[in-house]
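In the order they appear, the protein sequences are chains A and B.
55 is the number of the first residue of the first sequence in our numbering; add one for each residue after it.
325 is the number of the first residue of the second sequence in our numbering; add one for each residue after it.
Any given hint could turn out to be false.
[Unchecked claim] Listed next, the in silico SDA-like pairs over lysine to any residue satisfying Cα-Cα at most 20 Å (straight line):
no., chain 1, residue 1, chain 2, residue 2
1, A, 318, B, 553
2, A, 359, B, 548
3, A, 325, B, 485
4, A, 66, A, 138
5, A, 375, B, 553
6, B, 563, A, 343
7, B, 350, A, 209
8, B, 350, A, 372
[Claimed, not checked] Quick list of simulated restraints, FRET-style, between CB atoms:
no., chain 1, residue 1, chain 2, residue 2, range
9, B, 551, A, 337, 42 to 48 Å
10, A, 443, B, 351, 55 to 61 Å
11, A, 416, B, 352, 43 to 49 Å
12, B, 352, A, 337, 45 to 51 Å
13, A, 280, B, 483, 34 to 40 Å
[As the list claims (entries may be wrong)] Some chain B residues close to chain A (C-beta under 8 Å, calculated; not the full set):
no., residue
14, 326
15, 479
16, 480
17, 482
18, 484
19, 494
20, 496
21, 560
22, 562
23, 563
Calculated from the structure, these hints are not laboratory results.
All residues carry an ideal CB built from backbone N, CA and C; glycine is no exception.
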Amino acid sequence: MQDIVLLGLNHKTAPVEVRECLAFSKDEAGAVLETIQHHPAIREAILFSTCNRVEILLTAENRDYAAEAAKTCFSELKNIPASQFENNLYIYNGDDAVRHIFRVAASLDSMVVGEPQILGQIKEAYRIATLKKTSGVVLNRLLHKTFSVAKRIRTETGIGGHAVSISYAAIELGRKIFGTLEEKKVLLIGAGEMAELAVEHLIRNRAGDIFVANRTFERGIALARKFKGNPIRFEEIPDYMLLADIIISSTGSQGFVIRRDQVKAGMRGRKNRPLFFIDIAVPRDIDPGINRIPNAYLYDIDDLKSVIDENIEDRQREAVKGERIVDEAVISFRQWYESLDAVPTIVALRKKMDAIAKAEIRKTMNSLPHFSDEDSQALCRMTDALINKILHDPTLFLKNNGFHGNKTLYLDMTRKLFKLDES
Amino acid sequence: MELIIITVVLYMLSTAGYLAYLFFQKNYLHEAGCCLLAVGFCCHSAIIAYGFAKAGTFPVHNLHETLSLAGWALSGAFLAFQYQFNLRILGIYAAPLATVIMIVSSRLPKEPVLAKTVFNNFWLIFHVIVIFMGEAAFALACGVGFLYLIQESSIKSKNHGFFFRRLPSLELLDSTGYACIISGFALLTLGLISGFLYAKLIWGKLWTWDPKEVWSGITWMLYAALIHGRLALGWRGRKAAIVSVIGFTVLLFTFFGVNFLLKGHHGEFTKW
Chain A
55 MQDIVLLGLN
65 HKTAPVEVRE
75 CLAFSKDEAG
85 AVLETIQHHP
95 AIREAILFST
105 CNRVEILLTA
115 ENRDYAAEAA
125 KTCFSELKNI
135 PASQFENNLY
145 IYNGDDAVRH
155 IFRVAASLDS
165 MVVGEPQILG
175 QIKEAYRIAT
185 LKKTSGVVLN
195 RLLHKTFSVA
205 KRIRTETGIG
215 GHAVSISYAA
225 IELGRKIFGT
235 LEEKKVLLIG
245 AGEMAELAVE
255 HLIRNRAGDI
265 FVANRTFERG
275 IALARKFKGN
285 PIRFEEIPDY
295 MLLADIIISS
305 TGSQGFVIRR
315 DQVKAGMRGR
325 KNRPLFFIDI
335 AVPRDIDPGI
345 NRIPNAYLYD
355 IDDLKSVIDE
365 NIEDRQREAV
375 KGERIVDEAV
385 ISFRQWYESL
395 DAVPTIVALR
405 KKMDAIAKAE
415 IRKTMNSLPH
425 FSDEDSQALC
435 RMTDALINKI
445 LHDPTLFLKN
455 NGFHGNKTLY
465 LDMTRKLFKL
475 DES
Chain B
325 MELIIITVVL
335 YMLSTAGYLA
345 YLFFQKNYLH
355 EAGCCLLAVG
365 FCCHSAIIAY
375 GFAKAGTFPV
385 HNLHETLSLA
395 GWALSGAFLA
405 FQYQFNLRIL
415 GIYAAPLATV
425 IMIVSSRLPK
435 EPVLAKTVFN
445 NFWLIFHVIV
455 IFMGEAAFAL
465 ACGVGFLYLI
475 QESSIKSKNH
485 GFFFRRLPSL
495 ELLDSTGYAC
505 IISGFALLTL
515 GLISGFLYAK
525 LIWGKLWTWD
535 PKEVWSGITW
545 MLYAALIHGR
555 LALGWRGRKA
565 AIVSVIGFTV
575 LLFTFFGVNF
585 LLKGHHGEFT
595 KW
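Just chain A, same shape as in the assembly:
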């Protein structure tokens, strides 16, 4: 029986210095798989490499050899001594390895629980492995199960629900106010990573015109070009307040850039259409009193942070449900995996034949009422003998090593050929 082995390191066990030394590009990942494929101890292999983790999933006759081989391969290809990362490695076998890969794909093991990219990265890793033909019966089945588990967890739990970054939280709030962000006009005041990220999210949600105001007009022009927006002068902000629906402010100003009386006067001009202020600056740019004006909504950085904290707690609660789904999936995978041994396969094959013979005998007997008990017993003996003869060679083949090393392939083939898994 082969072992499933998972060896790797992630953001919890290894600092970034170690992770970046071991990060594999797509081409390098292909090279690792090619090298490791030729190792006698290893049957199948898939390599996952993202910025937060490097992991290799193997099936092998001897797990210790396999782990050792993988370690050597890493250190040779990356040209660093194994001692440098050995202490950061974890090695899982059997059910633990299966559970780990399920948890990783479902983003239960991620730095930000529920982040959606990891599943795509695993799919890509699997694609490389299929191209290099290093994924076989066991890992194919395991990975397909992994994708379905991850999908199920995403749809059945709220693990991916609700924003956990400042800019996404702002977008979500915008949706609760405006319904859709389509064609909503955005005014960006100042610059900064978070503010620009929020504008990018808005553009992706098909926001309308983008206006950019900056104290140095040249800077504003550059930023406006980046978003395909219109630069405006700082003094023009009150005029554009009539037009914009979402105002994001992130300047280094000491005093308020937008005051309550300005907005109060502006609301009449915009016929009270809702206006959403996002203040990412510290010290704050926007007068907090604005939140008291009807149809004006103001969130500052602390408000957004507390929204995120709530959402993170929510995701953690949902993750517990995800763990339960993972446990279920591990058990069902184990059942399949255990069936992929010679003895259970032979037993299942025999059972199926016996059932067919019994059914056919019953049918025949119904049309032969003049048969005595003795006659019918003879008939049964005959079918038993027939089954024994038919199954003799396949049984021998499956029990002994007529496989040329690839036992799981033949067992899987047998199970498929006789439809043993569905009855």
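Position chain B relative to chain A; hints supplied.
Chain B only, in chain A's frame:
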């Protein structure tokens, strides 16, 4: 008789479905609630049709029948708005309200108190049906207004609790509320005009300073002011939501208060 019980039970089940939807946010719960309400509405229509066939006119001869018609109009209006705007969560307001109206209605005595001066006439039938539909639309506007106020306060207070996630966007609530007000207002206007025409035919006078007429006029003006304010001055959001709630309270007074507390020629419709 049995149909009333079936209707009440269907409305109750629909309410349960919508409450479950509120808590568990599963689509099939909302679908179940909506279907149950639709089936209940069909049963309810059968009751009204039967009453119509028996009396030869709209069955509004006592409080039992009048309330039943109001409940029927409410669930009909909700189904129509649900179809148009897909504002599912409004079911947690409409379904229980229809249920309560029907329960109260079914507990009231059923002997018709025949009105002396009521003549069967196209304008009367038109008047009754249009007024009830308009009132149902205003009832929905009030419900949407409540939902808006809840959602607005959770966004403003930055305290995102139970309702924040379950209620739709302010924009959707606001525009649905406005649609309810507009359609309610159009129906109310038609209803008042047909009422005047009927009065002219029967009593020879358009306007008799009957308390019902006066209060209907007040209600009409209140909603007219709300629509004017929105179009001309941009009264929207919180203000509009509050006025829809106030408008509906005035409407309720016009509907019940006038009949019970003041005297007028609509009194016999709510006798019991």
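Outcome of the hint check:
Note on residue 318 of chain A and residue 553 of chain B: the hinted pairing holds, with a Cα-Cα distance of about 18 Å set against a maximum of 20 Å. The straight-line distance between the Cα atoms of residue 359 of chain A and residue 548 of chain B is roughly 43 Å, outside the 20 Å bound, and the hint therefore fails. The straight-line distance between the Cα atoms of residue 325 of chain A and residue 485 of chain B is roughly 30 Å, outside the 20 Å bound, and the hint therefore fails. Simply put, residue 66 of chain A and residue 138 of chain A have alpha-carbon atoms about 16 Å apart, close enough for the 20 Å limit, and the pair holds.
Of the pairs offered as hints, the one joining residue 375 of chain A and residue 553 of chain B is violated, with about 50 Å between alpha carbons and a cut-off of 20 Å exceeded. Between residue 563 of chain B and residue 343 of chain A the alpha-carbon distance is near 19 Å, which keeps this suggested pair within the 20 Å criterion. The suggested pairing of residue 350 of chain B with residue 209 of chain A holds, with an alpha-carbon distance near 12 Å, which does not exceed 20 Å. With a C-alpha separation of about 16 Å, the suggested pair residue 350 of chain B and residue 372 of chain A falls inside the 20 Å cut-off, and the hint holds.
Range check, residue 551 of chain B to residue 337 of chain A: Cβ separation about 44 Å, and the 42 to 48 Å hint holds. Taking 55 to 61 Å as the suggested C-beta distance range, the pair residue 443 of chain A and residue 351 of chain B conforms, at roughly 57 Å. At about 44 Å, the CB distance of residue 416 of chain A to residue 352 of chain B agrees with the hint of 43 to 49 Å. Distance hint check for residue 352 of chain B and residue 337 of chain A: the Cβ-Cβ separation is about 50 Å, which falls inside the suggested range of 45 to 51 Å.
Checked against the hint of 34 to 40 Å, the C-beta distance between residue 280 of chain A and residue 483 of chain B comes to roughly 36 Å, which is consistent with it. Hint on residue 326 of chain B is violated. Least Cβ distance to chain A is approximately 42 Å, over the 8 Å limit. Taking 8 Å as the C-beta cut-off, the interface hint given for residue 479 of chain B holds, the closest approach to chain A being about 6 Å. A least Cβ separation of about 6 Å between residue 480 of chain B and chain A falls short of the 8 Å threshold, and the interface hint therefore holds.
Taking 8 Å as the C-beta cut-off, the interface hint given for residue 482 of chain B holds, the closest approach to chain A being about 5 Å. The criterion of a C-beta within 8 Å of any C-beta in chain A is met by residue 484 of chain B, whose closest approach is roughly 6 Å, and the hint holds. The beta carbon of residue 494 of chain B comes within 5 Å of a beta carbon in chain A, closer than 8 Å, and the hint placing it at the interface holds. For the restraint placing residue 496 of chain B at the interface with chain A, the shortest Cβ-Cβ distance is roughly 5 Å, inside the 8 Å limit, so the hint holds.
For the restraint placing residue 560 of chain B at the interface with chain A, the shortest Cβ-Cβ distance is roughly 5 Å, inside the 8 Å limit, so the hint holds. Among the interface hints, the one on residue 562 of chain B holds; its C-beta lies about 5 Å from the nearest C-beta in chain A, closer than the 8 Å criterion. Given hint, residue 563 of chain B at the interface with chain A, holds; its Cβ is 7 Å from that chain's nearest Cβ, closer than 8 Å.
Hint compliance for this structure: hints 2, 3, 5 and 14 are broken, all remaining hints hold.
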